[in-house]
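Numbering of the sequence shown is given in the UniProt record's numbering, commencing with residue 1 and proceeding in unit increments.
Some clues are possibly wrong.
Unchecked claim - Derived Cβ-Cβ restraints for the label pairs, each shown as a range:
1) 142 to 51: 34 to 42 Å
2) 72 to 125: 33 to 41 Å
3) 68 to 8: 30 to 38 Å
4) 17 to 130: 12 to 20 Å
As the list claims (entries may be wrong) - Listed next, the in silico SDA-like pairs over lysine to any residue satisfying Cα-Cα at most 20 Å (straight line):
5) 109 to 127
6) 109 to 20
7) 50 to 74
8) 74 to 39
9) 109 to 36
10) 74 to 155
11) 74 to 89
12) 74 to 109
13) 74 to 36
Treat the hints as calculated values from the structure; they're not laboratory data. Here the structure is a predicted model, which is why all the values come from computation and not from measurement. The beta-carbon is built from N, C-alpha and C at its ideal position, and this holds for glycine as well.
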Amino acid sequence: MSEDGNDHAAYLREAVEIARANVAEGGRPYGAVIVRDGEVVARAANGIHKSHDPTDHAEMAALRAASQRLGRPKLDGSIVYASGQPCPMCHAAMRLAGVERGYYAFTAKEAEAEGLLSAGIYAELCRPADEQPMRVSYLQLPGEANVFREWAERNRNG
1 MSEDGNDHAA YLREAVEIAR ANVAEGGRPY GAVIVRDGEV VARAANGIHK SHDPTDHAEM
61 AALRAASQRL GRPKLDGSIV YASGQPCPMC HAAMRLAGVE RGYYAFTAKE AEAEGLLSAG
121 IYAELCRPAD EQPMRVSYLQ LPGEANVFRE WAERNRNG
């Protein structure tokens with residue numbers, strides 16, 4: 001990447017153009033581009049309007065496409081360019097994939113002002129778990145073998 005950010009701006013503009021084309025097709029204004037070692041490895045638009053899948057966000061679709069293309073789940077050294085600030089789900093997925101850096105053109109507050117969600121979800125997730133509107137609770141299963149331990153043992157033993 002150039003020090004002046006021209007490459008960053010070009011990839012970010014590409015993500016915005018993907019979002020703009022998606023709006024023209026009846027979709028939401030989200031597009032994403034993933035770059036690794038100066039090469040675009042994936043491009044995607046939000047596909048919720050087609051798939052009816054609430055996780056079909058541009059960043060998620062681009063992560064899936066990049067992982068398929070590279071043949072691995074880890075995308076270390078990659079940069080994600082997104083038209084809008086990644087929602088908490090996309091942000092977490094980017095972290096899980098080992099994405100090095102991300103840039104976005106428009107904030108969650110700007111999206112929320114136009115009727116899109118995410119700024120509120122960020123705020124909710126910052127609250128203590130017992131104060132969040134959706135409850136997720138630990139429920140111990142007596143006598144149930146620890147599936148995480150089974151996984152670790154399988155991976156240790158080959």
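| Does the Cβ-Cβ separation between residue 72 and residue 125 fall within 33 to 41 Å? | violated, 28 Å
| said: Need the status of pair residue 74, residue 39: alpha-carbon distance at most 20 Å? | reply: The hint holds at about 16 Å.
| field | Holds or violated: residue 74 to residue 109, with C-alpha atoms at most 20 Å apart | value | At roughly 30 Å apart (the allowed maximum being 20 Å), residue 109 and residue 74 break the hint.
| 20 Å Cα cutoff - pair residue 109, residue 127 | holds, 18 Å
| request: Given the hint that residue 74 pairs with residue 155, test it: the Cα-Cα distance must not exceed 20 Å. | output: holds, 17 Å
| message | Holds or violated: residue 109 and residue 20, Cα atoms, limit 20 Å. | response | Holds, because 19 Å separates the two Cα atoms, which is no more than 20 Å.
| Given the hint that residue 74 pairs with residue 36, does the C-alpha gap stay at or below 20 Å? | holds, 12 Å
| query | Range hint 30 to 38 Å: satisfied by the CB atoms of residue 68 and residue 8? | reply | violated, 25 Å
| said: Assuming the hint says 12 to 20 Å, is it satisfied by the Cβ distance from residue 17 to residue 130 or not? | reply: Given about 43 Å between the Cβ atoms, the range is violated.
| query | Does 34 to 42 Å hold as the CB distance between residue 142 and residue 51, or does it fail? | reply | Since the Cβ atoms of residue 142 and residue 51 sit about 39 Å apart, the hinted range of 34 to 42 Å holds.
| Within a Cα-Cα threshold of 20 Å, do residue 109 and residue 36 meet the stated pairing? | violated, 29 Å
| Going straight from one Cα to the other, do residue 50 and residue 74 come out at no more than 20 Å? | violated, 27 Å
Checked against the numbered hints above, the structure breaks hints 2, 3, 4, 7, 9 and 12 and satisfies the rest.
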